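Trainee: One-letter residues, chain by chain:
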Amino acid sequence: MRSHNKSDQLSTRASAVIPNGTYGHVSPAGSLPRHFAHFCSAGEGIEFTDVDGNRWLDFMCAYGAVIHGYQNPAIESAVEKQRLQGTVFNHPHEITVELAEKLTEVIDFASWSVFAKNGSDLTTWSIRVAREHTKRPIVIKAKGAYHGVDAWCDPGMGGRVKSDRSDILEFEWNNLNQLEELFKSNDGQIAAVILTPYHHAAFAPSVMPNEDFWSNVRSLCDNHETVLILDDVRTGWRLHDGGSHRYFNFTPDMSVYSKALGNGYAISACVGIPQLKNAASEVFLTGSCWNDAVAMRAALTSIELCGNESVAKSVLEKGNYFCEALERLASEFDFQLQMTGPASMPYPWFEGDENLFQIQKFCQAASAQGLFFHPHHNWFISNAHDKGTLDNALSLAQHSFEEMKNEL
Amino acid sequence: MDTNCIKAWAIARSLHKGANALGLKFTKENCIKPVLLNDKLISFGTSKGLVFTKQNLIILHSKGFAFPELRFLLSSPLYAFRKILTVKKIGYSLKSTKEDKRFLTLLLGVGLEATSVYMNQNQLCSGIMGNDTGLVEFYLNGDERPIASLDKETGGKWRVVLNQPMKNPRVRITFKDIDIGIQSCLGQLNPQVSSSLGKYTIDGYLPLMDKIGYCARITGNELPILIK
Chain A
53 MRSHNKSDQL STRASAVIPN GTYGHVSPAG SLPRHFAHFC SAGEGIEFTD VDGNRWLDFM
113 CAYGAVIHGY QNPAIESAVE KQRLQGTVFN HPHEITVELA EKLTEVIDFA SWSVFAKNGS
173 DLTTWSIRVA REHTKRPIVI KAKGAYHGVD AWCDPGMGGR VKSDRSDILE FEWNNLNQLE
233 ELFKSNDGQI AAVILTPYHH AAFAPSVMPN EDFWSNVRSL CDNHETVLIL DDVRTGWRLH
293 DGGSHRYFNF TPDMSVYSKA LGNGYAISAC VGIPQLKNAA SEVFLTGSCW NDAVAMRAAL
353 TSIELCGNES VAKSVLEKGN YFCEALERLA SEFDFQLQMT GPASMPYPWF EGDENLFQIQ
413 KFCQAASAQG LFFHPHHNWF ISNAHDKGTL DNALSLAQHS FEEMKNEL
Chain B
2 MDTNCIKAWA IARSLHKGAN ALGLKFTKEN CIKPVLLNDK LISFGTSKGL VFTKQNLIIL
62 HSKGFAFPEL RFLLSSPLYA FRKILTVKKI GYSLKSTKED KRFLTLLLGV GLEATSVYMN
122 QNQLCSGIMG NDTGLVEFYL NGDERPIASL DKETGGKWRV VLNQPMKNPR VRITFKDIDI
182 GIQSCLGQLN PQVSSSLGKY TIDGYLPLMD KIGYCARITG NELPILIK
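Protein sequences appear in the order of chains A and B.
FYI, the numbering for the first sequence is 53 to 460, going by my numbering.
FYI, the numbering for the second sequence is 2 to 229, going by my numbering.
If you're looking for bench data, these hints aren't it; they were derived computationally from the structure.
Just so it is clear, the structure is predicted and the values come from calculations on it, not from any experiment.
Any given hint might turn out to be false.
Dumping the calculated DSSO-like pairs for lysine-lysine here, alpha-carbon to alpha-carbon at most 30 Å [said to hold, decoys possible]:
#, chain 1, residue 1, chain 2, residue 2
1, B, 168, A, 457
2, B, 212, A, 195
3, B, 168, B, 212
4, B, 89, A, 413
5, B, 64, B, 29
6, A, 413, B, 177
7, A, 236, A, 195
8, B, 90, A, 413
9, A, 195, B, 158
10, A, 214, A, 187
11, A, 214, B, 153
12, B, 90, B, 158
13, B, 102, B, 177
14, B, 158, B, 168
15, B, 200, A, 413
16, B, 102, B, 41
17, B, 29, B, 102
18, A, 214, B, 212
19, B, 99, B, 158
20, B, 153, B, 168
21, A, 413, B, 168
22, A, 457, B, 200
23, B, 177, A, 58
24, B, 158, B, 212
25, B, 34, B, 153
26, B, 34, B, 96
27, A, 457, B, 177
28, A, 413, B, 102
29, A, 457, A, 413
30, B, 153, A, 195
31, B, 102, B, 26
32, B, 158, B, 89
33, A, 154, A, 169
34, B, 90, B, 64
35, A, 214, B, 158
36, A, 58, B, 200
37, B, 90, B, 102
Kindly produce the complete structure, drawing on both the sequences and the hints.
Mentor: This is the structure we're talking about:
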């Protein structure tokens with residue numbers, strides 16, 4: 053086990069002044085608390101250093117918030133220039149318009165764009181836009197899908213009342229019969245269907261859409277005059293440089309982005325079709341620091357890099373190389389490992405490991421080698437990973453499989 | 002079951018589980034396994050010597066004393082007296098200052114039993130648990146056998162088993178030492194912080210434990226284990 057002293061000291065200090073010490077998806081309790089660091093001090097490219105000075109080869113990329121590597125020079129340089137002019141003012145900075153223009157240029161169906169800070173800000177706002185447009189109450193989502201921290205969708209249990217979800221219906225991912233049934237039994241009441249491009253629930257293997265899934269969802273929404281919202285927060289720019297709908301060949305009415313958009317700077321965006329622009333104008337939207345010129349500059353540079361360097365194609369190729377090699381390596385040690393979901397953001401799944409003991413063992417062993425492999429969340433391949441770093445990770449993973457094998 | 006009924010039932014079942022945890026041996030006549038007699042009464046054992054109204058059971062929990070139903074007590078005074086002694090013994094044991102494994106087993110047994118009643122009967126808790134099933138085992142670091150297990154099979158109800166290894170746990174919780182286990186049972190530890198700092202480890206399917214933990218805190222808020 054790697055040194056943990058300063059992480060523990062900070063956790064103890066944090067617990068005195070912060071509920072749970074650390075909360076949300078970065079809470080150590082949700083991963084491998086005695087094996088992973090609790091606090092980071094620095095990061096560059098595909099490596100980060102924890103507060104105890106341990107260096108980690110990263111496969112989580114700030115849970116997807118970084119796609120070009122930590123401290124990407126092009127982004128940091130653009131951000132630094134922007135910072136010298138200021139960040140938040142009485143009025144939006146010119147960059148706001150530039151970024152909206154860029155998004156409506158690269159996202160084929162988009163004619164307008166708005167900005168906030170987190171995915172949740174705009175998944176929640178987008179369903180209100182759909183309600184304003186349709187004058188209907190109900191929203192349909194896939195069971196187990198994550199769309200943010202608000203009461204209509206959060207995965208927690210506290211602070212919720214029944215009415216929070218009284219107009220939220222769910223169906224099993226890929227089960228079109230169930231979805232159709234919801235439309236039938238709530239005819240004329242469904243404002244929106246909100247979905248991720250594929251099903252990437254935590255603690256479970258990722259599930260890709262069946263071949264006819266998206267075309268049928270689109271048809272159902274069209275036939276019932278329901279708004280189709282794509283939650284592209286986690287996946288955006290990792291499957292296609294023009295939005296993940298292009299990877300699966302369909303067109304949503306609105307898409308929400310965050311994570312990779314700002315490469316570590318807090319920004320989210322929602323884009324939409326022209327027909328929803330009036331409704332979007334009616335639904336109030338603002339935040340103290342949402343007109344953040346620095347984050348917008350980071351986003352603009354990140355999108356340009358994604359286009360210039362064909363990042364989505366590149367991370368998919370690198371992911372394929374890595375996932376296939378890791379699966380092969382596992383099978384050499386008689387483990388049936390499947391890297392589920394798209395190769396640029398694979399979720400590792402050992403056959404028959406429904407209770408996750410095996411993946412936890414593997415990630416524990418990998419952590420001793422300095423690999424940051426998460427046992428309960430999909431991993432991320434970034435633009436900063438290259439063949440050399442992936443080969444290095446595979447070589448370290450081999451030791452982890454060896455250790456697991458020896459323990460059997 | 003209404004709120005008071007769930008509370009009273011959880012108290013009665015916890016007392017019985019406490020007796021199990023202490024290893025008390027029962028005959029048919031002095032057994033305190035609770036039985037719901039009707040809307041208002043709960044009997045300790047099928048022989049009806051010791052019977053409480055639900056309201057009086059709640060008072061027994063909060064004040065440490067309540068009158069049983071006299072008409073039943075007078076019908077079998079000897080058995081009723083032996084059962085009262087058993088209940089008192091559990092009460093004394095819960096106030097023990099000896100922080101040993103027996104005390105931890107007792108606290109875990111009564112706490113989990115009350116939680117299981119809430120997960121089975123309380124609308125909020127059963128809603129949170131949904132269709133989840135599986136086995137959760139609680140260990141003391143270094144032990145090969147679990148101190149206690151919480152289990153539900155498909156179509157069944159949540160139940161507590163003490164000191165018995167079972168098969169294929171979904172979650173395994175290991176307390177670093179007895180003191181940590183006791184503090185955990187008494188709700189004195191923040192689960193996220195304690196798990197982060199290694200006071201206990203949780204392996205396996207964490208979402209199930211998150212739900213159980215939340216239900217345990219709801220139960221603990223309504224029915225704290227009274228040790229003072």
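Trainee: All hints, please: hold or fail.
Mentor: Hint check results:
{"no.": "1", "hint": "B:168 <-> A:457", "result": "22 Å, holds"}
{"no.": "2", "hint": "B:212 <-> A:195", "result": "17 Å, holds"}
{"no.": "3", "hint": "B:168 <-> B:212", "result": "21 Å, holds"}
{"no.": "4", "hint": "B:89 <-> A:413", "result": "46 Å, violated"}
{"no.": "5", "hint": "B:64 <-> B:29", "result": "29 Å, holds"}
{"no.": "6", "hint": "A:413 <-> B:177", "result": "19 Å, holds"}
{"no.": "7", "hint": "A:236 <-> A:195", "result": "18 Å, holds"}
{"no.": "8", "hint": "B:90 <-> A:413", "result": "44 Å, violated"}
{"no.": "9", "hint": "A:195 <-> B:158", "result": "24 Å, holds"}
{"no.": "10", "hint": "A:214 <-> A:187", "result": "22 Å, holds"}
{"no.": "11", "hint": "A:214 <-> B:153", "result": "26 Å, holds"}
{"no.": "12", "hint": "B:90 <-> B:158", "result": "28 Å, holds"}
{"no.": "13", "hint": "B:102 <-> B:177", "result": "13 Å, holds"}
{"no.": "14", "hint": "B:158 <-> B:168", "result": "17 Å, holds"}
{"no.": "15", "hint": "B:200 <-> A:413", "result": "19 Å, holds"}
{"no.": "16", "hint": "B:102 <-> B:41", "result": "36 Å, violated"}
{"no.": "17", "hint": "B:29 <-> B:102", "result": "28 Å, holds"}
{"no.": "18", "hint": "A:214 <-> B:212", "result": "17 Å, holds"}
{"no.": "19", "hint": "B:99 <-> B:158", "result": "33 Å, violated"}
{"no.": "20", "hint": "B:153 <-> B:168", "result": "12 Å, holds"}
{"no.": "21", "hint": "A:413 <-> B:168", "result": "19 Å, holds"}
{"no.": "22", "hint": "A:457 <-> B:200", "result": "28 Å, holds"}
{"no.": "23", "hint": "B:177 <-> A:58", "result": "20 Å, holds"}
{"no.": "24", "hint": "B:158 <-> B:212", "result": "15 Å, holds"}
{"no.": "25", "hint": "B:34 <-> B:153", "result": "20 Å, holds"}
{"no.": "26", "hint": "B:34 <-> B:96", "result": "22 Å, holds"}
{"no.": "27", "hint": "A:457 <-> B:177", "result": "27 Å, holds"}
{"no.": "28", "hint": "A:413 <-> B:102", "result": "29 Å, holds"}
{"no.": "29", "hint": "A:457 <-> A:413", "result": "11 Å, holds"}
{"no.": "30", "hint": "B:153 <-> A:195", "result": "23 Å, holds"}
{"no.": "31", "hint": "B:102 <-> B:26", "result": "19 Å, holds"}
{"no.": "32", "hint": "B:158 <-> B:89", "result": "29 Å, holds"}
{"no.": "33", "hint": "A:154 <-> A:169", "result": "18 Å, holds"}
{"no.": "34", "hint": "B:90 <-> B:64", "result": "16 Å, holds"}
{"no.": "35", "hint": "A:214 <-> B:158", "result": "24 Å, holds"}
{"no.": "36", "hint": "A:58 <-> B:200", "result": "17 Å, holds"}
{"no.": "37", "hint": "B:90 <-> B:102", "result": "17 Å, holds"}
In the structure shown, a violation is registered for the earlier hints numbered 4, 8, 16 and 19, in ascending order.
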